[in-house]
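Chemist: Chains as they are written, first to last, in this note's numbering: chain A, 1 to 373; chain B, 374 to 640.
Among these hints, one or two may not hold up.
In the EDC-like style, the derived pairs of lysine to aspartate or glutamate whose C-alpha atoms are separated by at most 20 angstroms in a straight line are [what the hints assert, rightly or not]: (1) A/K107 x B/E607; (2) B/K548 x A/D87; (3) B/K548 x A/D82.
Hints in this document: simulated from the structure, not taken from any laboratory.
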Amino acid sequence: MSTVPDPQQNQARARVIEMVGVGKRYGNVEVLKPVDLSIEDGEFLTILGPSGSGKTTIIRMIGGFTRPTSGRILLDGRDIVDQPIFDRPFNTVFQDYALFPHMSVAKNIAYGLMVRGRPKAEISRKVAEALAVVDLSDKAARYPADLSGGQRQRVALARAIICEPRVVLLDEPLAALDAELRRSMRDFLKDLQRRIRTTFIFITHDQDEAISISDRIVVMDHGRVEQVGTPEEIYYHPKSVFVAKFFGESNLLAGGVTALAGTDAVIESALGTLTKPGHAGLNAGTAVTLAARPESFRLVAGDGPRAGECDVSGTVEAITFLGATSQLVVGIAGAPGETIKVRAATKEISGKLAVGDSLTVAWTPADISVLAG
Amino acid sequence: MTRFERLTLTLLWAVAGLAFVAMYGPALLVVTLSFFRIDRQRVDWSSFSFDAYAGLAGNHDIVAALTNTLIVGFSAVTCALLIAVGLAFYMHVESRRGQRFVEFMIFLPFILPAIITGVSLLIAFREAGIERGLLTVIVGHIVIIIAIIYRMVMTRLESLERSQLEASLDLGATKMQTFRYVVVPQLASAMVTSALLAFTLSFDETLVTFFLVGGEMTLPIRLWAMVRVGFTPEINALVAVVLLMTTCLATVGALSLKRLVRIPVHG
């Protein structure tokens, strides 16, 4: 008998891990407020937040190193909170790599298979494969102390993937590397994840790293999930002032809801009057913050604003050369003390604009996020 | 260099020399005298021989005492090692409550005057109806040496990154496998070093042993008994043998301690 596939069921099947109301307290201190989070099969999920935001607590609870004080962690729909660490199909890359200093690179990588009592021939074959994947075939007999930071990192990765875990947990693995190595390891990680098609949960406090590497990002602050979304969603449509500030550079302008028209909100700010659709939660008189990226603004030439655009006049207060682009600080006309940062191509302004010049800046209302508070 | 500086340096050298003479002079004197005959408290410098050592080997009481000392040393060190390593790992892995109290209890017999430890153990054994003998001496030595083994093993454990233990469990190892494959290999040098130093302590332990020993004497007790009767070249030879063995053990212990410090523990 054939059945019609249930799309919702299919979606549920694609979930590897589901956290339902998972929280953590140490006495009276709540380090993680109850979190609901689904992790999809094969995705590269980054948990991003400053120190003390609770991101490491989440990864340690998934790995089994820390027991949640509330909620359930489901693996393929089954609660694993009581499952011991060694019985969970996850492997971790630790911040300090945690390589065993008395074992060679090959033995470090083989460890997971060895303790599971796998045949020697299988171990040798898989170690050789893993070494090839991380490009360390010639370092098999070396010891961790003989390796560079990047090489140790790759040994830790090989050790974590050799047992073919359902999920690889990466606890700030790039934190100890210098900037150049971080960039190359970042690309390597993304490439590796695509090749082995395994779910990666990656912890970092670096926004650039998160943007460049992730399929989805979970932004955390003070033990709370602030926003979950794709890098583009989070970058261009932050849902809180914290996300807008933490995630790249933003213009934040104070505003207030002056009227409601259906689900549309009419908002007054230094940018003028703005009508935002789909803000049913707001009331007239509510104070809001408008957030927009510097590149969401456009310098208006002689042709004026395009259809659907709003515009505002101002004066150039500062110009910062950033290479291909430059950033202007524009004082808004009629709003003393209010400024916006505008990003434009350097060749567009070079020799044409100087501090003190008047200009008009245009934007699309869809690029402005309305945030509570 | 001024004259004053030269004088100061000479004085410092002289003080250091005197200190060394005070520390090692008597021992060297005893070793030297062990090769010569002593007649009416006078040394016959023309009588160089190994007779005293030959006499020592032929003296069944001394050989028996040496055997007892070795039995006590090996047994006490083995038992103390097992207890101390197990306890240290148990205390370290999950930072147990009451760890400081347990450590205090372990260190107390080591810090207390030996006479207190000896008398306490003697009373305890008598109340328990246990006859004095090598077994009671072994227990007494375990009580004393367990502190040094525990501390050295714990120091090594504390320098071992907790993430290594977590990594082992994360890779599918049980706690026993983690102990066997990750902890023990990295503790080996600490175990050897502490065992050697503990054996040295046990080898020449006298005061606690004095209260607990029965009819079967250990080497230091035999030596003490011999000294009471009078000084003979055999005594000098025995002291020389004990000195040599203790120095060898301490040297090996110190060398492995140096290695212990050098081993990199970070991945």
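Chemist: Against the structure, test the hints numbered earlier, and report the numbers of the ones violated in rising order.
Modeler: Result: hint 1 breaks, nothing else.
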